[in-house]
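Chain P is fixed; fit chain H onto it per the hints.
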Amino acid sequence: MALEYMGLSGINGPLIAVEGASEASYDEIAEIRLKNSDGSMVKRTGQVIAVSKDKAIVQVFEGSSGMALDNTVTKFTGKPLELAVSKEMLGRVFDGAGRPIDGLGNIMPEKRVDVNGSPINPVSREYPRNFIQTGISSIDGLATLIRGQKLPIFSGSGMPHDNLAVQIVRQARLAEGNDTPFAIVFAAMGVKNDVANYFRKSFEESGALGRVVMFMNLADDPVVERILTPKCALTAAEYLAFECDMHVLVVMTDITSYAEALRELSSSKGEIPSRKGYPGYLYSDLASLYERAGMIKGRSGSVTQLPILTMPNDDITHPIPDLTGYITEGQIVLSRELFLKGIYPPVSVLPSLSRLMKDGIGEGYTREDHPEVGNQLFAAYAKVNDIRALASVIGEDELSENDKLYIEFGKSFEAEFLKQGVNENRSMEKTLELAWKLLRGLPREELDRISTKTLDKYYEV
Amino acid sequence: MNKGEIYEINGPVVKVRDVKGFSMMETVRVGNDGLIGEVIGIDGRDTVIQVYEPTSGIKPGAPVIGEGAPLSVRLGPGIIGNIFDGIERPLTSIEGKYGAFISRGVNVPLLDETKKWDVEIIAKEGDHVCGGFVIAKTQETPAITHYSMIPPNVEGRIVEIRENGKYTLNDWLIKIKTADGMIKEIGLAQKWPIRIPRPYDEKKAVNMPLVTGQRVIDTLFPIAKGGTAAIPGGFGTGKTMTQHQLAKWADADIIIYIGCGERGNEMTQVLEEFSELIDPGTGRPLLDRTVLIANTSNMPVAAREASIYTGITLAEYYRDMGYHVAIMADSTSRWAEALREISGRLEEMPAEEGFPAYLPSRLAGFYERAGYVRALCGKEGSVTIIGAVSPQGGDFSEPVTQNTKRFIRCFWALDRELAYSRHYPAINWINSYSEYKDELDIWFEENVSRDFSTNRARIVKILQEESSLMEIVKLIGSDVLPDSQRLELEIARVIRTGYLQQNAFHADDTYVPPKKQAKMMELILQLYDMAKRLLNMSVPLSVIKKTGVFDKVASVKYDIPNNKPEMFDSYKEMIERAEETIKEEYK
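Protein chains in written order, with the working numbering: chain P, 1 to 461; chain H, 462 to 1048.
With the rest of the complex left out, here is chain H:
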């Protein structure tokens, strides 16, 4: 084991001089309290270490002890439903041991080592097994079955095996003999370094959407399972709110929510809400499928940098079992700022706005860990990454937004103007995009509605038409436009208020299944076509408006419950009737 002593301390950066044995990315224990740190640079005489806890009170000369392994997380049952800090220390255990305030030198086991899990052994003696092979099954939460696997880099023949029964994380379940004759014990849990992507068999093309129940996302800018998306927006535009909505309703098996440099009260809110809200898919509290990672903005900055990697490693672990996992990272800007802060302490040459030159490659490395894969065990699983970005001053030209844009394929741009007029979700339909649209069309056409993509294209066209008409309206008012153009505006208003705007606090509107979304689109377009036909007969728009159909269609989101799709028929009839009546009058 390597040992050295501190030469210099500058905030979270500590240097050790004239000790050779440390390796890059090795975990070290710093000082007498054993603060956790990581080797981030080796330069001639100096080994540079970033420390994940406040370094106040540490003296030069205090010991630094290497652990001989890179910063790792423990993977096993007990992760789901838990809340961790940036380096996988459970916050509830920390509270139990240290009280309401987080002190330094916290020392708690990463996962509960005393709990006995009901284990069903699947592997058989004599089996030749390699990485990813499932050896045992445990019910981790009522919603999630945990499959314990052979760690990716291990291979051999099972020589000894235990009975089904109750075991803790520290018990062994099977023993295998590797090619070089070594006997290895394998249990419920394994370790994995957070900065190294977990291997898989094959990365596959994406073709399934992550259904979120948010109309503007599912319809206009859908995201695939295994895809990547960014939500940029200035403060107060609803990034966190959107992330919460996705975490609640996305049809992933497991949600990993990383509160990276954000507010403490928000994490408390997620904890509270998610223990009460019921997941429509499993009928269990949402917390039963959720993992929370909290590094609030006043917790140590180095751990903030690590929290993103901790989150993605946990996600990959469940992906390897064949689950679809979605990660919400709120916010990746704080992570980039943590990089900048550490980089500044290391006196590295800054690139744009003080961010280090390796910012783009770090971002790429993170987003590329998403994907739809065939795991080593043969099952298919996915990791979807949805990262919030907090651009300085709400200006999307800053480095983090721009570099993120290069590595994601879904861009949900939040708009301050929309947020100010309380249009939520404030996703701007002109600036946002999704590159998955075409790849997912087949799924939507097969599973939702055959006209889904054509209808969507029409909706998009109306919205674009509106935005160019608005330029004129801003100058001269809408009264001077011909009725045909005012109809575009009127329909666009119905789309904006009745379709794109979605009320997160309304029991039905908070989550809308794709089938209802399709029906709503159809209804709006039916209204549009009907009004167009009447305008061609020289019926004034005001007459059509007087029938109240526009307002009726706009409030369909509230008036038709999610479980009563048959009610759409009466609305269709209503529009038809309105058309007939007016036609009679204008014959």
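Chain P on its own, in the form it takes in the complex:
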């Protein structure tokens, strides 16, 4: 029988100090019963974040409102935070801490798993090589998503990242001839109610709800639970991928809210802040989420991550996108400029990148000309931007003939290649054909990133 501790010796934000709790172990879960002034009892959960022989500091997930020094009873469970997992989770909705909130009752757990997970041994990892077709030209063509990759969407407030995520979820499919079951784990962290509803509705309409597990921590839900939301989601994803052999796509939105929750807690713990007030361990903490993507040798499932973050003030050097970019395998950056031009999806091509793309495209995967075409599109579009800068000074009329062709290329690249409908699903073949159509608008000598052999085959129609 575990000991129970009456009362507290201090309360600061969501943190409470329990005196004399030498039984407590680091990181374990505590249950706190709280007697309200009207005599009713409330149960709360918390986690030990520091412990010494004299006292334990517990972070209360639901917050400390209503707590006083003398109205609580704390019990230490001796276990880290665990999530009950089973295949039944598919189609269900949970709150940020993994409790069902769809009114369908608890699931029958296959097992209970520590939500913190363990790092995958680099030796046991399988290098990701197979692409996921999203049906979106800018992504498939230029920043191909690979199974087992972590590829975030860097967006800004007001931009259509949610629509893009939904479109990816709806259209995502594996290469031909692969019938491994496909599941989606959706983690909402501090998102608005209507955004959460939009996702739920979209999953429903596309008939995907049966293969989606949702973890919802909304903007007005407890901040501490926000820290747990992605951990629960990834624990569920790992279970489905590595024990039920499914390919799992994890959509996490919004990482910015998650990092802000982390900062809020860090400052209430009185930790020394580093850049912009975020804790010094923000990198390690984000890595403990992102690195849970991957594939393992000898198992057929995979965890692919599509985190979404809104860059504060559209600033890509802000610590959250910055540290994310250092951990993830590339990024898809949305551009306000394209968005204002009415281009959907407003994928800013030059800073977007998929690091794993080079090993998962080309012959045997997509089509043999894909790497060269992608490279050439980048190079040509980079040149378009230089020429546009020049044109804004000297005027378009003064440009050389060659430069004018580039300006034309730039226009049609944005209007035909980047732009596509919310429900438009383009095949890889179609994306590449479109690319060639645009490249043919440039003189053959200008295509210096494509080999003569490929040009001979594709340049002339």
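Hints in this document: simulated from the structure, not taken from any laboratory.
Since the structure is predicted, the reported quantities are computational estimates derived from the model, not experimental observations.
Yeah, the Cβ is synthetic: ideal placement off N, Cα and C, and Gly gets one too.
Some hints here could point you the wrong way.
Stated by the list, open to error - Calculated lysine-lysine pairs in the BS3-like style (CA-CA distance at most 30 Å, straight line): (1) P:Lys79 to P:Lys269; (2) P:Lys383 to H:Lys935; (3) P:Lys87 to H:Lys558; (4) H:Lys935 to H:Lys976; (5) P:Lys383 to H:Lys993; (6) P:Lys404 to P:Lys453; (7) H:Lys1033 to P:Lys453; (8) P:Lys404 to H:Lys1007; (9) P:Lys457 to H:Lys1013; (10) P:Lys457 to H:Lys1007; (11) H:Lys1006 to P:Lys411; (12) P:Lys53 to H:Lys577; (13) H:Lys558 to H:Lys585; (14) H:Lys636 to H:Lys577; (15) H:Lys1013 to P:Lys404; (16) H:Lys664 to H:Lys464; (17) P:Lys437 to H:Lys1006; (18) H:Lys1013 to P:Lys383; (19) H:Lys993 to H:Lys1033; (20) P:Lys341 to H:Lys935; (21) P:Lys437 to H:Lys1007; (22) P:Lys383 to H:Lys922.
As the list claims (entries may be wrong) - Facing chain P, from chain H, some residues (calculated, C-beta under 8 Å): (23) Gly697; (24) Glu932; (25) Leu936.
Positioned in the frame of chain P, the structure of chain H alone reads:
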């Protein structure tokens, strides 16, 4: 043996109260699982310990046992070709014992203790030996011979010796009697504390380049064997890619690749690629000369701090055998952040951006372990350090980049603009520098080409000229420039696309020997001189361009295979012919 119990736990930092016997830097075992930790501070009543594994579930009152020695690695055959975590535990053994996920309290031998090595004894009975003396020889991998040495601090007379034969790491090979009459057994392996540099006889001046086969590095910003370099760059600029290229092609005998706080998939990629790629020097898979140390970004942060030291200690060990070793540390920023995280937990007073005030001295201590030395055994060896830096927001004014700059002599600045236009390696030729240039010129002139440094100087001048002309071009376009200046731009374009840009995925272009680099430079300059002469005859640049020579020279990197240098002659003739034809027309 010291024993205490835990008083307080805060993340990876654990305190023991009222126990006196622990010493600084001593290795300890924490809790019932025996997690590995290290004493990092002793303050009145409290002994502060950093733990190299997650501390979840540990309770105050759990035992802490001192091992009486500082954190050490085991040095012996079996290191090369292996992949370790931050404190030299082999990841393959961990996988074998614990499965695909790394659990806590991992307990595996540091090196394979069961394998029997074929040992040839070199030492003789009666020899008086001291530290560094080679006692035995083992073929560690087909590419590397392992020399077992007397540990640096040991001296004495050999009193007993074993026959040549098969021995494990735990067997003794010789016994020596030290000055104070003690008998010491010495075998294939030894231990060394990671934070203490291994001694050598003499540090020598550097005068040999580490040839990397990367044109922008070898030609413009060369690094010496025994030198130090930093590769700073924001994310997506190709730090890791550049490190991989160097690890593959640098002409070091041994490569130690430290993945410090980086991606798991990258380590997998290195493992996979390096077992398949063949080293042009030895004809064996690259893995036969490579050691990998992996502390991925989700592995414990304290071990990240140690991983850098583990790597450099392994490097020094092979240097002591007379090998040239190159270390790639990717990324030192993660190591600095690990320092900051631990420092924060200790509630130390922060200096810049929360980094501890001792960041510069730690960086200096690390980079100073590089060098070209005469080892204790009398042979010459070197340790070259190439550290990636991941500046926050790609801003080079942040503390880690700035402090690193003070202790390195090669600075390869990666540039986001170049990376965005897919110019790789994205090393900016204006912001980068190498202080080794002058020291290495003699080598390049003697071994590569007599004009190497003069030609390089001309190339640099053209690039600088271009960068100042570009300021004008950005405002008014290139059409208004006179032909002489447009020629500079045109030649600079040939240098950028045909020389500095290098394709890591092209069979020939991925590695280019210095001789071919020199020839390519010569060809570009020949073209430049020829065009200049024609411009002086008032031939318009457009006429010269029409001959196609510029594009031909720019694609020499693909069109002339590395093993056919004689093909350069036909290109020379082509340029001469073009000149003659135009001269005829404009006479």
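Quick rundown of the hints versus the structure:
1. P:Lys79 to P:Lys269: Holds - the C-alpha atoms of P:Lys269 and P:Lys79 are around 22 Å apart, at most 30 Å.
2. P:Lys383 to H:Lys935: holds (13 Å)
3. P:Lys87 to H:Lys558: Holds - the C-alpha atoms of H:Lys558 and P:Lys87 are around 28 Å apart, at most 30 Å.
4. H:Lys935 to H:Lys976: violated (36 Å)
5. P:Lys383 to H:Lys993: It holds: about 27 Å lies between the C-alpha atoms, which stays within 30 Å.
6. P:Lys404 to P:Lys453: holds (27 Å)
7. H:Lys1033 to P:Lys453: holds (26 Å)
8. P:Lys404 to H:Lys1007: Satisfied, since the Cα-Cα distance of roughly 20 Å is no more than 30 Å.
9. P:Lys457 to H:Lys1013: Holds - the C-alpha atoms of H:Lys1013 and P:Lys457 are around 22 Å apart, at most 30 Å.
10. P:Lys457 to H:Lys1007: Distance of about 26 Å is within 30 Å: holds.
11. H:Lys1006 to P:Lys411: holds (29 Å)
12. P:Lys53 to H:Lys577: Measuring from Cα to Cα gives roughly 49 Å; hence the hint is violated.
13. H:Lys558 to H:Lys585: violated (41 Å)
14. H:Lys636 to H:Lys577: Given pair H:Lys636, H:Lys577 holds - Cα atoms ~20 Å apart, limit 30 Å.
15. H:Lys1013 to P:Lys404: With a Cα-Cα distance of about 25 Å, the restraint between H:Lys1013 and P:Lys404 holds, given a limit of 30 Å.
16. H:Lys664 to H:Lys464: violated (41 Å)
17. P:Lys437 to H:Lys1006: Given that 30 Å is the threshold and the Cα spacing comes to 28 Å, the pair holds.
18. H:Lys1013 to P:Lys383: Answer holds: H:Lys1013 to P:Lys383 is near 21 Å, not above 30 Å.
19. H:Lys993 to H:Lys1033: holds (16 Å)
20. P:Lys341 to H:Lys935: holds (25 Å)
21. P:Lys437 to H:Lys1007: Holds - the C-alpha atoms of H:Lys1007 and P:Lys437 are around 27 Å apart, at most 30 Å.
22. P:Lys383 to H:Lys922: The hint holds at about 25 Å.
23. Gly697: holds (5 Å)
24. Glu932: violated (12 Å)
25. Leu936: Hint holds; H:Leu936 Cβ to chain P Cβ min 6 Å, cut 8 Å.
Comparing the model with each earlier hint shows violations of hints 4, 12, 13, 16, 24; every other hint is respected.
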